[in-house]
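These protein sequence lines map, in sequence, to chains X and C. Here my numbering is used: position 119 in the first sequence is 119, and no number is missing along the way. Here my numbering is used: position 186 in the second sequence is 186, and no number is missing along the way.
Simulated from the structure, these hints should not be mistaken for laboratory data. One or more of the hints may lead you astray.
A pair counts as met if it fits within one copy or between any two copies, since identical chains are not told apart.
When the alpha-carbon atoms are kept at most 20 Å apart in a straight line, the in silico SDA-like pairs for lysine to any residue are as follows [stated by the list, open to error]:
1) Lys93 to Arg103
2) Lys93 to Asp104
3) Lys93 to Gln115
4) Lys93 to Ile111
5) Lys93 to Asn113
6) Lys93 to Arg138
7) Lys93 to Gly169
8) Lys93 to Arg168
9) Lys93 to Arg167
Residue-level listing of the chains:
Number of protein chains: 2
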Amino acid sequence: MKVLIIGAAGMIGRKLAAQMAADGRIGDEAVEALHLVDVVEPEAPAGAGIAVRTEAADVSVSGTAARLIEGRPDLVVHLAAIVSGEAEADFEKGYRINLDGTRDLFEAIRIANGQDGYRPRVLFASSIAVFGAPFPARIPDEFHLTPLTSYGTQKAIAELLLADYTRRGFFDGIGIRLPTICIRPGRPNKAASGFFSNILREPINGQEAVLPVSEDVRHWFASPRAAVGFFLHAATLDGDAIGPRRNLSMPGLSATVGEEIEALGRIAGREALRLIRRESDATIARIVSGWATDFDASRAAGLGFRAETSFDEIIRVYLEDEMGRTA
Amino acid sequence: MKVLIIGAAGMIGRKLAAQMAADGRIGDEAVEALHLVDVVEPEAPAGAGIAVRTEAADVSVSGTAARLIEGRPDLVVHLAAIVSGEAEADFEKGYRINLDGTRDLFEAIRIANGQDGYRPRVLFASSIAVFGAPFPARIPDEFHLTPLTSYGTQKAIAELLLADYTRRGFFDGIGIRLPTICIRPGRPNKAASGFFSNILREPINGQEAVLPVSEDVRHWFASPRAAVGFFLHAATLDGDAIGPRRNLSMPGLSATVGEEIEALGRIAGREALRLIRRESDATIARIVSGWATDFDASRAAGLGFRAETSFDEIIRVYLEDEMGRTA
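Generate coordinates for the entire structure from the input sequences, incorporating the hints supplied.
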């Protein structure tokens, strides 16, 4: 199996490539070659026993997508995107990268399909930002997409294209609607959602973290390891079993900030909790109040996708995968 | 109020323009000028007391949309589309006209908005083809869009764009999801949905019509007059009252073919029923089985949109509007 990952320098892309390189296979199929692409050249996973090619390329530049699929990869994973805040701040750039870039990739595959019957599995990273408040208490699989950001709009449009291109037989696509990923490794960033990770990761590392919202704020989470698992599982799924509705809300954990903090106390000790500094931020509180809090992700669960079921588990994944510890 | 109608040579466009010309106003506002555009030059409504300009133009050709809005119309009605069958048969043409053409129009308005604050009301003709089976018995306003045609995909994408451009303040858009229009005037055509109109219109006119499905087939209808009413009502709605979810399933009548035929008998007499020839068509039956049968269009009803509530009424509208009769 030849694999192309676009957006391979991002957090999930790096972890996904590393996992494929370490396993040397996806499900029952050996990975023969791994082509890693991003706007900055991705690092090759250390110690990979398979052929890895890394490349800096911008898929939104005309002709790039056609060139990237020249080797006819069996699996195309499309993770590249302008993030939510930037897509909101720069309207044209968001549409150019997140909509036109994705459509260019889909079009390149469609044209290749017409030339030689090429029909890869395409995995697309979507987001719960395709949903917009007001929500039911648990968002069902059949709830409509009414995004309240340009980023969410671009993801929702890409989902529709993916479903239509799949229905027409140009490729075999699956859209993976990711929960908020927690605990994100690395340093605190300015994303409005950053605090969900910061208040766990920083205290674990003996650093102070700011909590800008109240403890009763509820949100929807999965670990980086679960996210990698979603893509690996989707790579091997029988497309016929999915049917025409190709975009799936992934399973996750619905939990409050208070539950996050309790889990931190259980695993890192009560003293870690003293490193969380409460500092209300009305802007962040307002943004977060428009986010989904819970999903009934029955379809994805029925297709075998799995995520964590407690914050204890999410914290243990961080300790194991980022700190080499067993908690 | 200056009005631009794109797709003005189609059935709804002609009727909408004629109504605006006859009334000389929309709600409380006088219509000062009517600019009618289609790929073939539309006819000007007879006896219009207002300035009417007709023009042949293809909105999917680069630069056309920007030119059409040079006069800064207060109301832009976008009806132009490649129909379902053609969009399915010609993938590239469907996306070029239905997606790129619509996006070009929205982009032209966005750029004008940046230049001089131009912010028109934009009405977009969407379709129940944005929905795809399986459905609940009545499709609620919050049901997801999973189109099973490229046409439905293109309409669903345009809906998402309309909502985002409205949210960003570039224009004030409303998407009008039309039921199947019945009774369509004119001659029978080859559309899979044509028989719903044919089995009423042809017998009324003393002609034979073919019924290719069984009488228990249920579908969702509104008259051409109701469709015109949707656009006129939407033209005057307070945008703030709609909120961010700008695409509305219009009200309609859920009825079976058997109920259609009973209404025909009541209004046109039992002898008209003998002109309906049963001739099963498995292909049409299969296509129709994937269509929606009923909607709970509460939001649109709450905003004051109205449609017929019986097939007797739909038939009377045809007799009055197309045959000058009072039934």
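Are any of the numbered hints broken by this structure? If so, which, sorted upward? Structure breaks hint 6 only.
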